[in-house]
Amino acid sequence: MRKSLLIFFVFSVHIVLAQGPSIKVSGEVTKPLTLGAADLAGMKRVTVSMKDKDGNEHAYTGVAVGEILEMAGVTTGKQLRGENLTKYMLVKCADGYEVVFSLAELDADFTDRTVIIADQSEGKPLPPGKGPIRLVVPGEKKPARCTFQVTELVIRYAKE
Amino acid sequence: MKRLCIISLVLVFSAAWVGMPGPEPYTPVYPAYFGNRIDVPANNPMTVQGIQLGRMLFYETALSANHQLSCATCHRQELAFTDGRKFSAGVDGVLQERNTMSLANLLWERNFFWDGRARGLEQQAQTPLTNPHEMGQELSVSAARLQVLSIYPPLFRAAFGSDTIKGEMILKALAQFERTLISDNSLYDRYLKGVYKPTASEAAGIELFYGKGGCGHCHGGPKTYSELYHNNGLDSVSKDPGREKITGASYDRGRFRVVTLRNIALTAPYMHDGRFASLEEVVDHYSDHIVSSVTMSPFIQGNLNLTAEGKKDLLSFLRMLTDSSFIADPRFSDPFKTDRRSVVRTF
Numbered sequence: 002m003r004k005s006l007l008i009f010f011v012f013s014v015h016i017v018l019a020q021g022p023s024i025k026v027s028g029e030v031t032k033p034l035t036l037g038a039a040d041l042a043g044m045k046r047v048t049v050s051m052k053d054k055d056g057n058e059h060a061y062t063g064v065a066v067g068e069i070l071e072m073a074g075v076t077t078g079k080q081l082r083g084e085n086l087t088k089y090m091l092v093k094c095a096d097g098y099e100v101v102f103s104l105a106e107l108d109a110d111f112t113d114r115t116v117i118i119a120d121q122s123e124g125k126p127l128p129p130g131k132g133p134i135r136l137v138v139p140g141e142k143k144p145a146r147c148t149f150q151v152t153e154l155v156i157r158y159a160k161e
Numbered sequence: 013m014k015r016l017c018i019i020s021l022v023l024v025f026s027a028a029w030v031g032m033p034g035p036e037p038y039t040p041v042y043p044a045y046f047g048n049r050i051d052v053p054a055n056n057p058m059t060v061q062g063i064q065l066g067r068m069l070f071y072e073t074a075l076s077a078n079h080q081l082s083c084a085t086c087h088r089q090e091l092a093f094t095d096g097r098k099f100s101a102g103v104d105g106v107l108q109e110r111n112t113m114s115l116a117n118l119l120w121e122r123n124f125f126w127d128g129r130a131r132g133l134e135q136q137a138q139t140p141l142t143n144p145h146e147m148g149q150e151l152s153v154s155a156a157r158l159q160v161l162s163i164y165p166p167l168f169r170a171a172f173g174s175d176t177i178k179g180e181m182i183l184k185a186l187a188q189f190e191r192t193l194i195s196d197n198s199l200y201d202r203y204l205k206g207v208y209k210p211t212a213s214e215a216a217g218i219e220l221f222y223g224k225g226g227c228g229h230c231h232g233g234p235k236t237y238s239e240l241y242h243n244n245g246l247d248s249v250s251k252d253p254g255r256e257k258i259t260g261a262s263y264d265r266g267r268f269r270v271v272t273l274r275n276i277a278l279t280a281p282y283m284h285d286g287r288f289a290s291l292e293e294v295v296d297h298y299s300d301h302i303v304s305s306v307t308m309s310p311f312i313q314g315n316l317n318l319t320a321e322g323k324k325d326l327l328s329f330l331r332m333l334t335d336s337s338f339i340a341d342p343r344f345s346d347p348f349k350t351d352r353r354s355v356v357r358t359f
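Chains as they are written, first to last, in the working numbering: chain A, 2 to 161; chain B, 13 to 359.
No lab work stands behind these hints, which were simulated from the structure alone. Careful: at least some of the hints might be erroneous.
[What the hints assert, rightly or not] Some residues of chain B that are not near chain A, with every Cβ distance over 12 Å (derived):
#: 1; residue: E36
#: 2; residue: A101
#: 3; residue: V103
#: 4; residue: M113
#: 5; residue: A320
#: 6; residue: S328
[Stated by the list, open to error] Now the in silico label distances, taken between C-beta atoms and shown as ranges:
#: 7; chain 1: A; residue 1: S103; chain 2: B; residue 2: N143; range: 39 to 45 Å
#: 8; chain 1: B; residue 1: H301; chain 2: A; residue 2: P128; range: 20 to 26 Å
#: 9; chain 1: A; residue 1: K52; chain 2: B; residue 2: Y45; range: 28 to 34 Å
#: 10; chain 1: A; residue 1: E123; chain 2: B; residue 2: A212; range: 45 to 51 Å
#: 11; chain 1: B; residue 1: L107; chain 2: A; residue 2: P128; range: 34 to 40 Å
#: 12; chain 1: B; residue 1: D104; chain 2: A; residue 2: K125; range: 50 to 56 Å
#: 13; chain 1: B; residue 1: R169; chain 2: A; residue 2: P128; range: 55 to 61 Å
#: 14; chain 1: B; residue 1: P234; chain 2: A; residue 2: A145; range: 16 to 22 Å
#: 15; chain 1: B; residue 1: E293; chain 2: A; residue 2: K25; range: 38 to 44 Å
Just so it is clear, CB atoms sit at the ideal spot from N, CA and C, and this is done for glycine as well.
Take these sequences, add in the hints, and give me the full structure.
What follows is the structure, given as structure tokens:
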């Protein structure tokens, strides 16, 4: 009995450790998602360049937000019209910080800019405090929407 | 004739039912610069009667197991609803694990406690009421106690439409009252409204706070609060897990709520463990004693290395956030202070 309890405990700890931090996609989606590090590693990877506070361009690698939204069944591409253009994505971070993007800002049919969920910088895991998963928004003058430790993407309609 | 009588009776009762005064909606008043991202749950709208009842319950010692403690024991109005202690003691004399938080502008707050574990004031209120080391009484027992105190059943009826008191109503009334605790009349508010000219030291403090000091990054905006959690460089390894206990994420180790700075000069001691006895010590911490760790906020980049003048200026600004009318506002004071029997009449 004691042995099986021990095995159960070790197995449970392993699951928790293996799961690690993840990112949840919810709200106006047809398929709610929870993506862990392994899920992100298995998706189509992109690398973008963004100027950091040090004034230098750095390469960030991860998955395009548009790709994740499509996987979750969010209205993207040809579906992003009419009332769907009133939808926004709320990005929630571990420290409570929150920022918003309209869906059109993230869609390849609307913009050439690729916003990504990054898990690597210059080929290495992100540093503590910023990783394991962060948002990288190339081309913004202020880095205030390039958020750290992203935990959730919530899609909603803007309502008056 | 008989049918006519019945119809008349139905009409009379219907009219009486329609005419019955329900709880009167209450609209909180606050400056536009606080914004409207307020948090009032749809199932607990603020009403005049609910708030009045909540105020009484906030000061009601019958809600504690020993009949001696109320919410106000640890949340004293004159100290911006803190108690000046490092850790408050409960009905059994056991001390709390964390410092009692001040109460101000909770209308804009969504998650409560130092680690943000309670979603909404209604959920938050349940902990201090029932925790054996705080007020230590089950809600059902509290409800039964209030039921036999003659002043309460009519007040619950007025607030919630029923004089059969339930625990949930106690939580709702308390939450309604707490949402009215709005602090918006400090010198800083008067400065924001353009009716007060800061002294040279206060103006330099404001500049330092929002500029070089970077304090405004987390404590910023007119509310001096946004719902954030950070490890602010207190220890190399935090004894208290902070948010890690809630989320299970190692990067949340030692991460605690970024508190409001409203009335901060009145709410010593400071930090989740009350380790700093004075505001001067807090400023010294950020200036000279930051301890780096793996989970320290990336927004704290070492000591600020303030000059003596800079520290003085920062303190001048922080003292501008004291709202002397808030701590003396009769709407938030103890309704039982005069005569318990006349309480109902004073509303």
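message = Please list, smallest to largest, the hint numbers that this structure does not respect.
response = none
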